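Enquirer: On the provided structure of chain A, position chain B as indicated by the hints.
There are 2 protein chains.
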Amino acid sequence: MSSNEKRTQRGRCSDVRLSGFVDRVPVDEALSWIDAHAVKLPSESVRIQEAAGRVLATQIHATHDLPLVDCVRTDGYAVRSADTVGAGDYNPLSLIISELQSSLPSGAAASVVAGEPLLPGADAVLPFEAARAEGAILEVFGPVADGYGIERQGQQLRSGASLIEAGIVLRPQDLGLLASLRIKFADVVRRPRVRLVVAGPKLCAATEAPGDANGPMLEAMVTRDGATIEAMIAGANQRDAIAQAVSTPGADVVLVAGCTGTGVDDLAPLAIADAGDLAIHGLALRPGGSAGMGLVGGTPVILLPGDPLACWCAYELLAGRLIRKMAGLNPDLPFVARQLKVGRKIVSAIGLVDLCRVRLVNDTIEPIGSPESGGLASVVEADGFVIVSAPLEGYAPGDCVTVYGLHK
Amino acid sequence: MSSNEKRTQRGRCSDVRLSGFVDRVPVDEALSWIDAHAVKLPSESVRIQEAAGRVLATQIHATHDLPLVDCVRTDGYAVRSADTVGAGDYNPLSLIISELQSSLPSGAAASVVAGEPLLPGADAVLPFEAARAEGAILEVFGPVADGYGIERQGQQLRSGASLIEAGIVLRPQDLGLLASLRIKFADVVRRPRVRLVVAGPKLCAATEAPGDANGPMLEAMVTRDGATIEAMIAGANQRDAIAQAVSTPGADVVLVAGCTGTGVDDLAPLAIADAGDLAIHGLALRPGGSAGMGLVGGTPVILLPGDPLACWCAYELLAGRLIRKMAGLNPDLPFVARQLKVGRKIVSAIGLVDLCRVRLVNDTIEPIGSPESGGLASVVEADGFVIVSAPLEGYAPGDCVTVYGLHK
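Taken in order, these protein sequences are the chains called A and B.
Per the numbering used here, the first sequence runs over residues 1 to 408.
Per the numbering used here, the second sequence runs over residues 1001 to 1408.
Excised from the complex, chain A in its bound form (with noise of 0.2 Å):
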């Protein structure tokens, strides 16, 4: 037996209550098993107004031109430009103010607002700045170019344009343009309905225990990242209650909070495997080793562990991915990354991942919170988080890195 197949053997599908992780896999194995099983989605069909947000299935074309035909671009006069060849402020001409007819007669001027179709005859407009109306005559004080104040077919966009590529999150102003175009619907990638399994409290939890965190805050970061809360389905925490919650098709992803570690309590990872196949248990990350993936019903399950700290990390850095991915969205990291100074050390465990919480101060970095101490207070106060790959012990003053900002 090859050393790794012993490892699938202990570290991703045993038991590992009352004894430990025997083995922990690489994030790298967890993060390749992630984009293995995240499809994108299909696409659905929503009106323009309710797109905003939505990233695109299908490249859009133009349908036709805009304009459409030769326009009136800016109120005022439309002229034959012709017609005023000579025009000043001391030698005004004079034009005949017409109504609107067919077509515009010689030495006429009509009355026009933007966005009507040009009058034929008529090849420039006059802003109303630039004439003066008294009576039916209209006293030009200047000449107008061919041209002027017009805007002709397809000036904008031309029929058959490539407008707007597939995978872009829909902004208002592309609604605004396939609007403009009279297209109401945009073919969308379906959102991800994601399933939330809170498991726990576990059965010896004692009552002075925190008020649950994880599933708030995994509702905000499911809808995010672009998906949508299939169940939320709290207080499981028997092996069978765990599994039954898996199993009921209708969901994308299920996501499993809680009950993954080494405690007698610890059932999720044991439910996942009566449900379906436990693909990986126990990864070399801190905080979130506890954190573990698999299939039920050819659906991706993903554990998290029930500390908040863990859960959030485990959370962004995998299944948001997962979910992400999904939803057709970019599946990196949702924060901007800056190259900055260390100010002080970052001590990491070598054969970790580890993602450390850090502040700013004076433009440089320094830790905070401790990988003793779980709960959500370090990563509140963050300003942002460096991720110590696992051969690394961490990183001295002076060192330049990426940190992900936790923008307040």
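There's no promise every hint is true.
Cross-link-like lysine-lysine pairs, in silico, DSS-like; alpha carbons within 27 Å at most [stated by the list, open to error]:
id	chain 1	residue 1	chain 2	residue 2
1	B	K1325	B	K1040
2	B	K1408	A	K325
3	B	K1408	A	K40
4	B	K1408	B	K1325
5	A	K408	B	K1325
6	A	K408	A	K341
7	A	K408	B	K1341
8	B	K1408	A	K184
9	A	K184	A	K40
10	B	K1408	B	K1341
11	A	K408	B	K1184
12	A	K408	B	K1040
Computed far set for chain B versus chain A, every beta-carbon distance over 12 Å [unchecked claim]:
id	residue
13	P1042
14	S1043
15	R1239
16	S1389
Listed next, the stretches of chain A that the computed footprint assigns to chain B, with coverage defined by at least 3 CB atoms under 8 Å from CB atoms of chain B [claimed, not checked]:
id	stretch
17	66-78
18	148-159
19	256-266
20	269-283
Just so you know, the hints here were simulated from the structure itself, not pulled from any lab data.
Only a predicted model underlies this, so the values are computations on that prediction, with no experimental measurement involved.
Beta carbons: idealized from backbone N, C-alpha and C, even for Gly.
Expert: Just chain B, lined up with the frame of chain A:
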């Protein structure tokens, strides 16, 4: 009469139809009007589950210590650390596994799980990996330090500590921390209720007119800026209909899109003057020069041009700032600003603030679209925009300018 008084009477309040804007108000003056009338809204209490993305109105302090008592941090065996001194791989020490009781006797160990209160008498937790149970005997393979695997009362957070500052846009981790503290509600700034009045189509509009871009676009921008749509009123194109649409109580801000120009049907400014006070109409801004603003029954009303490009521009530069300020958000443009070099000359009109759409070419910017062409195609195509201030006639190649990114 001073020239300033003259302008007040002419440029801001007069009927510009069929005559044009005689005097345009500087953009800075319009922004000052907006800042003077943007009053942050009062707070409301919402459930934590609904607070993601909301602006915290009142600073939150920790209501109690986290953890509330000394707790187990690691699944394992609670022990007295002194009992493990001298243990090693070749010299395991034996402890008696005791059922949980009121306190841990000397020479004993008790199986515990993370999160539960620490058993009196115990001062450390040995992870399962560091020991082996043989019946009622626990073999210990190494010493454990006082405090290992334990989280002391208040170690995450002290009662009374400042937790989250007012003004923060609540993130998933903030909600999680509040939930940990069993805080169920948060005081957040009420969302501005924005009424959209889509004026027009103009009475004379041709059947070939493009579809209404402004309704769906503004809805998406208003929502992006933290507000809700109080009502969407379409098709108001008579003076009294617009006046009535802006006068009905119930909105914090009214946006009127369309009918702001110099054509005979451009009745929106007159309708505002009928219903309340038209403070400004006609700006030294391109696109968007026919924008305006005023108060009706104390409620700010912003006039946005009907051309979608000009509407987009006037919303982003003027209306969006008003709404973000009322919502308690950062009032600055909601786009990432970068300094970039100009690759191809950007031409602007002296005396007007010009919003020039640009594309990125080899890390330099080039202008796209034309001041003579309306519609949203150039905004959709653009990678960003540059604001050229009124005294400048543009930028030359090599100039370094601030570019606001329109990320796709």
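Enquirer: Taking a Cβ-Cβ distance under 8 Å as contact, does the stretch 148-159 of chain A have three or more residues in contact with chain B?
Expert: Coverage by chain B holds here, the residue count being 4 at a Cβ distance below 8 Å.
Enquirer: Can you confirm whether the C-alpha distance between K1408 of chain B and K1325 of chain B stays at or below 27 Å?
Expert: holds, 26 Å
Enquirer: Confirm or reject: P1042 of chain B is not an interface residue toward chain A, with every Cβ-Cβ distance exceeding 12 Å.
Expert: Holds: least Cβ distance 22 Å, greater than 12 Å.
Enquirer: Would you assess whether S1389 of chain B, listed as outside the interface, keeps its beta-carbon beyond 12 Å of every beta-carbon in chain A?
Expert: Non-interface label on S1389 of chain B holds, nearest chain A Cβ at 23 Å vs cutoff 12 Å.
Enquirer: With the threshold set at 27 Å, check whether the alpha-carbon distance from K1408 of chain B to K40 of chain A stays at or below it.
Expert: Between K1408 of chain B and K40 of chain A the Cα gap is close to 19 Å, so the pair holds against 27 Å.
Enquirer: Taking a Cβ-Cβ distance under 8 Å as contact, does the stretch 256-266 of chain A have three or more residues in contact with chain B?
Expert: holds (count 6)
Enquirer: Given the proposed pairing of K1408 of chain B with K325 of chain A, does the C-alpha separation stay at or below 27 Å?
Expert: holds, 17 Å
Enquirer: Does K1184 of chain B lie within 27 Å of K408 of chain A when you go C-alpha to C-alpha?
Expert: Answer holds: K408 of chain A to K1184 of chain B is near 21 Å, not above 27 Å.
Enquirer: Run the distance test for K184 of chain A versus K40 of chain A: straight-line Cα separation, threshold 27 Å.
Expert: Distance of about 24 Å is within 27 Å: holds.
Enquirer: Within a Cα-Cα threshold of 27 Å, do K408 of chain A and K1040 of chain B meet the stated pairing?
Expert: This hinted pair holds, its Cα atoms lying about 19 Å apart.
Enquirer: Given as covered by chain B, does the stretch 66-78 of chain A meet the bar of three residues or more with CB within less than 8 Å?
Expert: Three-residue rule met by the stretch 66-78 of chain A, so holds; n is 7.
Enquirer: CA of K408 of chain A to CA of K1341 of chain B, is that 27 Å or under?
Expert: This hinted pair is violated, its Cα atoms lying about 30 Å apart.
In this structure, the hints that do not hold are numbers 7 and 20, in rising order.
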